[in-house]
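FYI, in the working numbering the residues of the sequence shown are 25 to 700.
Just so you know, the hints here were simulated from the structure itself, not pulled from any lab data. Quantities reported herein were computed from a predicted structural model and do not represent experimental measurements. Among the clues, some could well be false.
As the list claims (entries may be wrong) - Derived lysine-lysine pairs resembling DSS-like cross-links, with alpha carbons at most 30 Å apart: (1) K626 with K693; (2) K626 with K607; (3) K693 with K405; (4) K678 with K700; (5) K693 with K328; (6) K700 with K328; (7) K152 with K208; (8) K678 with K626; (9) K405 with K626; (10) K53 with K405; (11) K693 with K571; (12) K32 with K626; (13) K405 with K328; (14) K693 with K607; (15) K571 with K32; (16) K53 with K152; (17) K607 with K700; (18) K607 with K571.
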Amino acid sequence: MRLLDMLKDPGPEFTPIPFWFLNGNLTHKEIRRQLADFHAHGVDGVVLHPRMGLPRRIGYLSGEFFAYIRTALETCRELGMRVVFYDEGMYPSGSACGQVAAGHPEYASRGITVTDAPEAGDEILSEKNGAFLVARFTRGTIRGVHYGEDDFEPHAPLSADLLNPDAVTRFIELTHEAYYRRFKDYFGSTVMGFFTDEPSITGRCVTGMKPWTRGFERLFTDAGGSLQSLFALFDGEENDDTRLYERMIMERENQVYYAALSAWCRDHGIALMGHPDASDDIERERHFHIPGQDLVYRQVAPEKGDLTGRDSAQGKCSADAARLLGRRRNSNECLGVCGGEDNPWSMTAGDIKWFIDYLAVRGVNLYILHAFYYSILGRRKDERPPDVGPNSIWWPHYRRWTDYVKRVSCLMTDTDLHAPVAVLCRNRELMPEAVAPLFENQIGFMYLPQSFWDDCREEAGGLLCGERRFSAVIDPENRFPNLSRDVLAQERDIRPETPQPGLRAIRFAKDGTECVFLVNAGETDIHTPAALPFGGRAGQYDLWSGKAARFEGRLTLPRRGSLLLFACTEAEYDALPALPAPKALPAPDFRLVSQDPAAAVKIYEAETGPGEGVLTLEAEEMAELTVNGVPAGVSFWAPHRFDLTGLLTAGQNKLRLTVTGSRANLYGKPVPYGLK
């Protein structure tokens, strides 16, 4: 059927597009070699990301810098790869590595604070009980691309005033226009977008200050605000004026920064990509042609769960923004610094699968992987690790990962979401605690941010927003008092016989086919009879293995598992194979025959007799098995399951198991690896 044909080979459009950290002694030959290597492993796009570790000889936005960018562009064009330009050196965006404020000190970031001793140059805005509300330069910085330019280092670049239209115009002239002058022939073809990265109004390394810009006091007071009431910003209080301030700052940043970048990208035939500063910044997504978010620092993780805290909303934030705005794609810059808390290189493949599935089941369909490193020499390997590409243990088998990401990205593109519940929310108030029961009960919902409320109306007992109709609402401000609040009574995306709070589901129509995509967010296997909301026959498709089968009413979803269920005709159902039920094989006694601590590799051997079925092993981390010298597969997370059907012969069979441990054993603190 057409759906399965699309998923079998989604094509390069749905590739993961990793950050490629240009962080070393660049050479044209090495740039070409690495890109060819990426392409050979199924990676069909990159974000060209200037990064800490560039040698001083390569100045940001210099002629030599752009010569290497040209080599990358030419190589990507030859290979059919897409390129996203990163708009900063290094981050947060908006300062051109300090060049916006260089020669124009008036363009540096500004803010307000409370002090009892104003400094020279302070603009006193208000006084209260001997304290002064003042506006001043924040002295905020960004992280630069050369050593000595990091946080708190002497040459850290000054951040720019993103609320000042002149500063933003200078930023665009220094970066976007400079790229376009040199590479306009690549725009709209090889070049698909510009990535802007969590712009910060005050800059980094700033405490006790709130965003401001010259002349904002007049705008604020003209809107009815009281400057004296803004003392409350620094007392942790909230009042009408602090709420007005927050709204006006957001609108100012949207207008001056995001809208300007969005218009420039639109006018030059590419997409504004990237993400705002906060995980629940849903109103700022409207200016992105590809709305995005940023999963870093294990904001969600298997040990934390996927439903707690404001960061847990980010997958739905970008996906629902894209749905409401009519955008085909939405992205997530994911996996950055997602290793163990005190051992960053200790990030397992099982965790990576969990993160990908967390995003996919919420509708994310473009993965900006953080990151592939040009170099891991010296300090570079410790700069926001780990490398999740060529310097990872699974790189020889990376096609398995790119195939999976392409399938889930294709699956989640051009869909019509089934969501009976509307969640009315304000920016940065996406209420993760309120929506957690919807996830745990497999009930679809969509966020409706404040900017869409005026387009909504009650009709026939439901809420209409554009062409979407909702049967029930989460409506904290009681804007639509006549609508049902009984959200848990709504139709479920799937009906398991027993409650499954770790089961995540998303129901949608794709290419005319009713679908439900399922993810096991828990740490144990799921086995339960389950009913689908659509009638008739159904099939199932494992996006990891690429195998389809009949769905016969029983859901089996292992740890780190995901599964697509889809409606089909009788003929399509009959054409599908029955779901195999291979028996479990007893695990033979493996003995350690060699090990290489320098590579974190252990090799085991065992003998076993004939048989048919699945061999299950417990090992950390990546396991590769051969039977009589014939590959039996590779497994990336425990429990490792190897289907030995057709591989075991009469008599004794020799099994050889290679277990490769985490790169933390080479670049961080040792972690256990091998058979358990």
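Next item on the list: Below or equal to 30 Å on CA atoms is what counts here, so check K571 against K32.
Entry: 9 Å, holds
Checklist line | K32 paired with K626 [C-alpha distance capped at 30 Å] | finding: 34 Å, violated
Next item on the list: Compare the distance between the alpha carbons of K53 and K405 with 30 Å, and conclude whether the hinted pair is satisfied.
Entry: 22 Å, holds
Notebook entry, point to check: Is K405 within 30 Å of K328, Cα to Cα?
Noted result: Since the Cα atoms of K405 and K328 sit roughly 26 Å apart, the hinted pair holds (cutoff 30 Å).
Check: Does the structure keep K678 and K626 at a Cα separation of 30 Å or less?
Finding: 17 Å, holds
Checklist line | 30 Å Cα cutoff - pair K607, K571 | finding: Status holds; Cα separation ~18 Å.
Next item on the list: Starting from K693, check that the Cα of K571 is at most 30 Å away, please.
Entry: 38 Å, violated
Next item on the list: Below or equal to 30 Å on CA atoms is what counts here, so check K607 against K700.
Entry: 22 Å, holds
Note to self: Tell me if the straight-line CA distance from K626 to K607 falls inside 30 Å.
What the structure shows: 28 Å, holds
Check: Between K678 and K700, is the straight-line Cα distance small enough, at 30 Å or below?
Finding: Roughly 20 Å separates the two Cα atoms, so the pair holds.
Check: Regarding the pair K405 and K626, is the alpha-carbon distance no greater than 30 Å?
Finding: This hinted pair holds, its Cα atoms lying about 24 Å apart.
Check: Is the straight-line distance between the alpha-carbon of K693 and that of K328 30 Å or less?
Finding: 22 Å, holds
Figure legend: structure checked against the earlier numbered hints; hints not met, in rising order: 7, 11, 12, 14, 16.
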